[in-house]
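Start from the sequences, fold in the hints, and give me the full structure.
Numbering (numbering that gives the first Met the number 0), first residue to last: 0 to 346.
Bear in mind the hints are in silico, worked out from the structure with no lab data behind them.
Certain hints may be false.
[Stated by the list, open to error] Quick list of in silico lysine-lysine cross-link-like pairs, DSS-like style, CA-CA up to 27 Å:
(1) 303 / 343
(2) 173 / 27
(3) 113 / 199
(4) 84 / 9
(5) 127 / 93
(6) 93 / 113
(7) 274 / 205
Being a predicted model, the structure only gives us computed values, none of them experimental.
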Amino acid sequence: MIQISENRFKLAIKSLQSESAYDNFINKVQQKLNDYRSNKVVIYSNDEKKILTSSEKADINRIKEYKIKNSTFCYQYLEIIKDIKNLVCLNPFKLNGLINKINAISISCKEIVKKQFLNDIEELLDYKNFRKKVIPLFYNLLGIKVCVYCNAQHTIFLRGAGLGRYQADHNVAKSTYPFLAITLSNLYPTCNNCNHLKSKSPLDFKLYYKIKSKQINYIAYLEEKDIVAFVSGNFDESKLSIKFRDVPDDFKNTIRPLEIYENHTDYAADLIKKKIIYNKTYKDSLTKDFQELFPSNTKGAHNKQLFDRLIYGSSLEEDDIHKRVFSKLNIDIMNQLDQLSPDKLKY
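Structure representation (C-alpha coordinates):
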(Lines of atoms letter the chains of each structure in order from A and count residues from 1; the text may use other names and numbers.)
(Lines give C-alpha, C1' and ligand atoms only; values in the text may rest on other atoms or scores of the structure.)
Protein backbone atom coordinates (compact mmCIF):
# COMPACT_ATOMS: atom_id res chain seq x y z
CA MET A 1 0.00 0.00 0.00
CA ILE A 2 2.40 2.65 -1.24
CA GLN A 3 0.69 5.76 -2.58
CA ILE A 4 1.56 8.09 -5.45
CA SER A 5 0.82 11.81 -5.65
CA GLU A 6 -1.85 13.14 -7.99
CA ASN A 7 0.74 15.47 -9.54
CA ARG A 8 2.91 12.52 -10.50
CA PHE A 9 -0.10 10.90 -12.17
CA LYS A 10 -0.83 14.09 -14.13
CA LEU A 11 2.77 14.39 -15.37
CA ALA A 12 2.77 10.75 -16.52
CA ILE A 13 -0.53 11.26 -18.37
CA LYS A 14 0.80 14.39 -20.07
CA SER A 15 3.88 12.51 -21.30
CA LEU A 16 1.80 9.52 -22.37
CA GLN A 17 -0.35 11.69 -24.62
CA SER A 18 2.67 12.42 -26.81
CA GLU A 19 3.28 8.72 -27.49
CA SER A 20 2.24 7.34 -30.89
CA ALA A 21 1.10 4.00 -29.38
CA TYR A 22 -1.32 5.93 -27.17
CA ASP A 23 -2.66 7.99 -30.08
CA ASN A 24 -3.13 4.92 -32.26
CA PHE A 25 -5.06 3.12 -29.55
CA ILE A 26 -7.30 6.10 -28.74
CA ASN A 27 -8.15 6.74 -32.40
CA LYS A 28 -8.89 3.09 -33.13
CA VAL A 29 -11.13 2.53 -30.12
CA GLN A 30 -12.87 5.90 -30.51
CA GLN A 31 -13.81 4.98 -34.08
CA LYS A 32 -15.10 1.57 -32.98
CA LEU A 33 -17.21 3.16 -30.26
CA ASN A 34 -18.58 5.80 -32.65
CA ASP A 35 -19.59 3.10 -35.14
CA TYR A 36 -21.21 1.12 -32.35
CA ARG A 37 -23.22 4.10 -31.17
CA SER A 38 -24.63 4.78 -34.63
CA ASN A 39 -25.05 1.31 -36.12
CA LYS A 40 -24.93 -1.44 -33.49
CA VAL A 41 -27.66 -4.10 -33.48
CA VAL A 42 -28.06 -6.53 -30.58
CA ILE A 43 -27.41 -10.06 -31.82
CA TYR A 44 -26.68 -13.01 -29.58
CA SER A 45 -24.29 -15.82 -30.48
CA ASN A 46 -25.49 -19.41 -30.85
CA ASP A 47 -23.50 -20.42 -27.76
CA GLU A 48 -25.31 -17.83 -25.68
CA LYS A 49 -28.67 -18.95 -27.01
CA LYS A 50 -28.03 -22.53 -25.87
CA ILE A 51 -27.99 -21.56 -22.20
CA LEU A 52 -31.12 -19.40 -22.32
CA THR A 53 -34.62 -20.49 -21.37
CA SER A 54 -37.33 -20.77 -24.00
CA SER A 55 -38.86 -17.54 -22.70
CA GLU A 56 -35.55 -15.73 -23.06
CA LYS A 57 -35.09 -17.13 -26.57
CA ALA A 58 -38.47 -15.70 -27.48
CA ASP A 59 -37.34 -12.34 -26.14
CA ILE A 60 -34.22 -12.53 -28.30
CA ASN A 61 -36.28 -13.13 -31.41
CA ARG A 62 -38.34 -10.07 -30.64
CA ILE A 63 -35.31 -7.84 -30.07
CA LYS A 64 -32.96 -9.26 -32.67
CA GLU A 65 -33.23 -6.04 -34.65
CA TYR A 66 -33.40 -3.93 -31.51
CA LYS A 67 -31.32 -0.77 -31.85
CA ILE A 68 -29.14 0.13 -28.89
CA LYS A 69 -30.02 3.79 -29.28
CA ASN A 70 -33.66 2.94 -28.58
CA SER A 71 -32.75 1.81 -25.06
CA THR A 72 -32.56 4.70 -22.60
CA PHE A 73 -30.09 2.77 -20.43
CA CYS A 74 -27.73 1.97 -23.29
CA TYR A 75 -28.02 5.42 -24.83
CA GLN A 76 -27.25 7.23 -21.57
CA TYR A 77 -24.43 4.84 -20.79
CA LEU A 78 -22.81 5.51 -24.16
CA GLU A 79 -23.23 9.26 -23.72
CA ILE A 80 -21.30 9.12 -20.46
CA ILE A 81 -18.34 7.14 -21.87
CA LYS A 82 -18.36 8.50 -25.42
CA ASP A 83 -14.99 10.30 -25.12
CA ILE A 84 -12.33 7.56 -25.02
CA LYS A 85 -9.47 9.96 -24.31
CA ASN A 86 -11.21 11.30 -21.20
CA LEU A 87 -12.08 7.76 -20.14
CA VAL A 88 -8.46 6.57 -20.38
CA CYS A 89 -6.94 9.65 -18.73
CA LEU A 90 -9.62 10.22 -16.09
CA ASN A 91 -8.29 11.95 -12.98
CA PRO A 92 -8.34 9.52 -10.02
CA PHE A 93 -10.44 11.95 -7.98
CA LYS A 94 -13.14 12.06 -10.66
CA LEU A 95 -13.50 8.29 -10.92
CA ASN A 96 -16.20 7.96 -8.28
CA GLY A 97 -18.20 10.72 -9.96
CA LEU A 98 -18.22 8.75 -13.22
CA ILE A 99 -19.31 5.60 -11.40
CA ASN A 100 -22.13 7.52 -9.72
CA LYS A 101 -23.36 8.78 -13.10
CA ILE A 102 -23.54 5.21 -14.42
CA ASN A 103 -25.29 4.00 -11.26
CA ALA A 104 -27.86 6.78 -11.60
CA ILE A 105 -29.07 5.54 -15.00
CA SER A 106 -32.47 3.89 -14.74
CA ILE A 107 -32.51 0.42 -16.32
CA SER A 108 -35.11 0.64 -19.05
CA CYS A 109 -34.18 -2.46 -21.04
CA LYS A 110 -34.42 -6.20 -20.52
CA GLU A 111 -31.66 -7.81 -18.48
CA ILE A 112 -30.47 -9.84 -21.47
CA VAL A 113 -30.07 -6.64 -23.48
CA LYS A 114 -28.11 -5.03 -20.66
CA LYS A 115 -25.89 -8.10 -20.30
CA GLN A 116 -25.05 -8.20 -24.00
CA PHE A 117 -24.52 -4.45 -24.09
CA LEU A 118 -21.98 -4.54 -21.22
CA ASN A 119 -20.19 -7.45 -22.87
CA ASP A 120 -20.02 -5.41 -26.06
CA ILE A 121 -18.54 -2.45 -24.19
CA GLU A 122 -15.77 -4.58 -22.71
CA GLU A 123 -14.95 -6.00 -26.14
CA LEU A 124 -15.02 -2.59 -27.84
CA LEU A 125 -12.57 -1.09 -25.36
CA ASP A 126 -9.98 -3.70 -26.40
CA TYR A 127 -8.35 -4.19 -22.99
CA LYS A 128 -6.02 -6.92 -24.27
CA ASN A 129 -4.37 -4.53 -26.73
CA PHE A 130 -4.45 -1.70 -24.19
CA ARG A 131 -2.56 -3.86 -21.69
CA LYS A 132 0.10 -4.66 -24.26
CA LYS A 133 0.54 -1.26 -25.91
CA VAL A 134 -0.42 1.47 -23.45
CA ILE A 135 -0.13 0.26 -19.86
CA PRO A 136 3.63 -0.50 -20.01
CA LEU A 137 4.27 3.01 -21.34
CA PHE A 138 2.22 4.58 -18.58
CA TYR A 139 3.80 2.57 -15.75
CA ASN A 140 7.24 3.43 -17.07
CA LEU A 141 6.38 7.15 -17.20
CA LEU A 142 4.91 6.86 -13.71
CA GLY A 143 8.23 5.41 -12.51
CA ILE A 144 6.73 2.19 -11.20
CA LYS A 145 8.98 -0.86 -11.09
CA VAL A 146 7.63 -2.71 -8.04
CA CYS A 147 4.23 -3.83 -6.77
CA VAL A 148 2.27 -1.02 -5.07
CA TYR A 149 0.74 -3.51 -2.63
CA CYS A 150 3.68 -5.57 -1.32
CA ASN A 151 6.78 -3.66 -2.57
CA ALA A 152 8.46 -7.09 -2.67
CA GLN A 153 8.29 -8.01 -6.37
CA HIS A 154 9.06 -6.26 -9.64
CA THR A 155 6.45 -4.98 -12.08
CA ILE A 156 8.44 -4.43 -15.24
CA PHE A 157 7.91 -4.85 -18.97
CA LEU A 158 10.36 -6.82 -21.12
CA ARG A 159 10.29 -4.81 -24.35
CA GLY A 160 12.28 -7.25 -26.47
CA ALA A 161 10.05 -10.20 -25.58
CA GLY A 162 6.87 -8.13 -25.49
CA LEU A 163 6.09 -9.63 -22.09
CA GLY A 164 5.32 -8.07 -18.74
CA ARG A 165 6.34 -9.10 -15.24
CA TYR A 166 3.42 -7.14 -13.87
CA GLN A 167 -0.32 -7.27 -13.43
CA ALA A 168 -2.75 -4.37 -13.80
CA ASP A 169 -5.17 -4.74 -10.92
CA HIS A 170 -8.57 -3.19 -11.58
CA ASN A 171 -9.23 -1.50 -8.27
CA VAL A 172 -12.90 -1.30 -9.24
CA ALA A 173 -13.65 -4.61 -10.94
CA LYS A 174 -14.17 -4.42 -14.71
CA SER A 175 -16.71 -7.23 -14.43
CA THR A 176 -18.97 -4.74 -12.61
CA TYR A 177 -17.94 -1.60 -14.50
CA PRO A 178 -16.48 -2.68 -17.87
CA PHE A 179 -15.98 0.93 -18.98
CA LEU A 180 -13.21 1.20 -16.33
CA ALA A 181 -11.21 -1.57 -18.02
CA ILE A 182 -9.01 1.04 -19.72
CA THR A 183 -9.14 3.84 -17.15
CA LEU A 184 -5.51 4.25 -16.06
CA SER A 185 -6.35 5.68 -12.65
CA ASN A 186 -8.25 2.44 -11.93
CA LEU A 187 -5.34 0.18 -12.94
CA TYR A 188 -2.90 -0.44 -10.11
CA PRO A 189 0.53 -1.92 -10.99
CA THR A 190 0.92 -5.10 -8.96
CA CYS A 191 2.79 -8.39 -8.97
CA ASN A 192 1.05 -11.59 -9.97
CA ASN A 193 0.79 -12.81 -6.38
CA CYS A 194 -0.95 -9.71 -5.02
CA ASN A 195 -3.30 -9.44 -7.99
CA HIS A 196 -4.27 -13.11 -7.53
CA LEU A 197 -4.79 -12.68 -3.78
CA LYS A 198 -6.92 -9.57 -4.23
CA SER A 199 -8.91 -10.86 -7.22
CA LYS A 200 -12.26 -9.03 -7.11
CA SER A 201 -12.09 -8.26 -3.38
CA PRO A 202 -12.47 -4.54 -2.70
CA LEU A 203 -9.69 -2.85 -0.72
CA ASP A 204 -10.11 0.40 1.16
CA PHE A 205 -7.03 1.81 -0.52
CA LYS A 206 -6.61 4.52 -3.13
CA LEU A 207 -3.31 4.57 -4.99
CA TYR A 208 -3.28 8.32 -5.65
CA TYR A 209 -3.37 11.09 -3.08
CA LYS A 210 -3.59 14.87 -3.05
CA ILE A 211 -0.76 16.69 -1.32
CA LYS A 212 -2.85 17.44 1.79
CA SER A 213 -4.71 14.14 2.04
CA LYS A 214 -2.05 11.42 1.98
CA GLN A 215 -3.13 8.23 3.69
CA ILE A 216 -0.90 6.63 6.32
CA ASN A 217 1.05 3.79 4.77
CA TYR A 218 1.80 0.69 6.78
CA ILE A 219 5.04 0.86 8.76
CA ALA A 220 7.48 -2.06 8.99
CA TYR A 221 9.44 -2.53 12.22
CA LEU A 222 11.35 -4.99 14.42
CA GLU A 223 10.92 -5.50 18.14
CA GLU A 224 13.61 -3.45 19.87
CA LYS A 225 14.54 -6.33 22.20
CA ASP A 226 15.07 -8.57 19.16
CA ILE A 227 17.44 -6.02 17.60
CA VAL A 228 19.48 -5.82 20.79
CA ALA A 229 19.60 -9.63 21.11
CA PHE A 230 20.64 -10.00 17.47
CA VAL A 231 23.44 -7.43 17.80
CA SER A 232 24.74 -9.12 20.96
CA GLY A 233 24.89 -12.45 19.13
CA ASN A 234 22.20 -14.11 21.23
CA PHE A 235 19.61 -14.15 18.48
CA ASP A 236 19.72 -15.84 15.07
CA GLU A 237 18.45 -13.83 12.07
CA SER A 238 15.83 -16.52 11.39
CA LYS A 239 14.19 -15.54 14.69
CA LEU A 240 13.76 -11.91 13.68
CA SER A 241 10.14 -11.04 12.95
CA ILE A 242 9.13 -8.19 10.63
CA LYS A 243 5.94 -6.57 11.91
CA PHE A 244 3.68 -3.79 10.66
CA ARG A 245 1.77 -0.88 12.12
CA ASP A 246 -1.26 0.85 10.61
CA VAL A 247 -2.28 -2.01 8.32
CA PRO A 248 -6.04 -1.96 7.54
CA ASP A 249 -7.76 -5.25 8.28
CA ASP A 250 -8.96 -5.78 4.70
CA PHE A 251 -5.40 -5.38 3.39
CA LYS A 252 -3.94 -7.56 6.15
CA ASN A 253 -6.39 -10.39 5.44
CA THR A 254 -6.31 -10.14 1.63
CA ILE A 255 -2.70 -9.31 0.66
CA ARG A 256 -1.16 -10.88 3.80
CA PRO A 257 1.98 -8.74 4.14
CA LEU A 258 3.10 -10.53 7.32
CA GLU A 259 3.24 -13.84 5.46
CA ILE A 260 5.11 -12.25 2.56
CA TYR A 261 7.77 -10.60 4.72
CA GLU A 262 8.33 -13.49 7.11
CA ASN A 263 10.30 -15.01 4.22
CA HIS A 264 12.66 -12.02 4.08
CA THR A 265 13.99 -11.52 7.61
CA ASP A 266 17.51 -11.78 6.15
CA TYR A 267 16.96 -8.32 4.62
CA ALA A 268 16.27 -6.89 8.06
CA ALA A 269 19.32 -8.66 9.52
CA ASP A 270 21.53 -7.20 6.78
CA LEU A 271 20.21 -3.71 7.49
CA ILE A 272 21.19 -4.02 11.16
CA LYS A 273 24.69 -5.15 10.19
CA LYS A 274 25.09 -2.32 7.67
CA LYS A 275 23.92 0.22 10.23
CA ILE A 276 26.72 -0.94 12.54
CA ILE A 277 29.42 -1.17 9.86
CA TYR A 278 28.71 2.05 7.94
CA ASN A 279 29.06 4.55 10.74
CA LYS A 280 29.87 8.20 10.09
CA THR A 281 33.64 7.70 10.29
CA TYR A 282 33.59 4.85 7.80
CA LYS A 283 31.25 6.71 5.44
CA ASP A 284 33.54 9.74 5.46
CA SER A 285 36.56 7.57 4.64
CA LEU A 286 34.74 5.91 1.75
CA THR A 287 33.67 9.21 0.25
CA LYS A 288 37.26 10.43 0.53
CA ASP A 289 38.79 7.30 -1.03
CA PHE A 290 36.18 7.01 -3.78
CA GLN A 291 35.37 10.59 -4.63
CA GLU A 292 34.29 9.75 -8.18
CA LEU A 293 31.72 7.25 -6.90
CA PHE A 294 30.50 9.51 -4.09
CA PRO A 295 30.69 13.08 -5.44
CA SER A 296 30.14 15.78 -2.83
CA ASN A 297 27.30 18.26 -3.04
CA THR A 298 27.72 22.04 -3.19
CA LYS A 299 28.16 22.18 0.60
CA GLY A 300 30.98 19.64 0.57
CA ALA A 301 28.95 16.79 2.07
CA HIS A 302 28.76 13.38 0.46
CA ASN A 303 25.82 12.55 -1.79
CA LYS A 304 23.61 10.75 0.75
CA GLN A 305 21.06 9.57 -1.82
CA LEU A 306 23.70 7.91 -4.00
CA PHE A 307 25.57 6.51 -1.00
CA ASP A 308 22.43 4.96 0.46
CA ARG A 309 21.48 3.42 -2.88
CA LEU A 310 24.86 1.72 -3.27
CA ILE A 311 25.03 0.49 0.32
CA TYR A 312 21.41 -0.32 1.15
CA GLY A 313 20.05 -1.11 -2.31
CA SER A 314 17.72 1.90 -2.35
CA SER A 315 18.03 5.63 -1.76
CA LEU A 316 15.98 5.61 1.47
CA GLU A 317 13.89 8.43 -0.03
CA GLU A 318 10.10 8.07 -0.24
CA ASP A 319 10.06 9.26 -3.85
CA ASP A 320 12.12 6.21 -4.85
CA ILE A 321 10.03 3.57 -3.06
CA HIS A 322 8.50 2.37 -6.34
CA LYS A 323 11.84 1.86 -8.07
CA ARG A 324 13.38 -1.03 -6.11
CA VAL A 325 11.99 -4.00 -4.22
CA PHE A 326 11.97 -3.77 -0.42
CA SER A 327 12.60 -0.01 -0.51
CA LYS A 328 9.77 0.52 1.96
CA LEU A 329 11.24 -2.08 4.33
CA ASN A 330 14.68 -0.45 4.04
CA ILE A 331 13.32 3.00 4.82
CA ASP A 332 11.20 1.92 7.79
CA ILE A 333 13.84 -0.27 9.43
CA MET A 334 16.63 2.28 8.89
CA ASN A 335 14.43 5.02 10.37
CA GLN A 336 13.86 2.79 13.39
CA LEU A 337 17.58 2.02 13.74
CA ASP A 338 18.46 5.72 13.46
CA GLN A 339 16.25 6.43 16.47
CA LEU A 340 17.87 3.79 18.70
CA SER A 341 20.52 4.88 21.18
CA PRO A 342 24.05 3.98 20.01
CA ASP A 343 24.69 1.69 22.99
CA LYS A 344 21.97 -0.70 21.72
CA LEU A 345 23.85 -1.18 18.47
CA LYS A 346 27.25 -1.93 19.97
CA TYR A 347 28.59 -5.05 18.33
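Okay, the hints, checked on the actual structure:
{"no.": "1", "hint": "303 / 343", "verdict": "24 Å, holds"}
{"no.": "2", "hint": "173 / 27", "verdict": "21 Å, holds"}
{"no.": "3", "hint": "113 / 199", "verdict": "21 Å, holds"}
{"no.": "4", "hint": "84 / 9", "verdict": "14 Å, holds"}
{"no.": "5", "hint": "127 / 93", "verdict": "24 Å, holds"}
{"no.": "6", "hint": "93 / 113", "verdict": "25 Å, holds"}
{"no.": "7", "hint": "274 / 205", "verdict": "34 Å, violated"}
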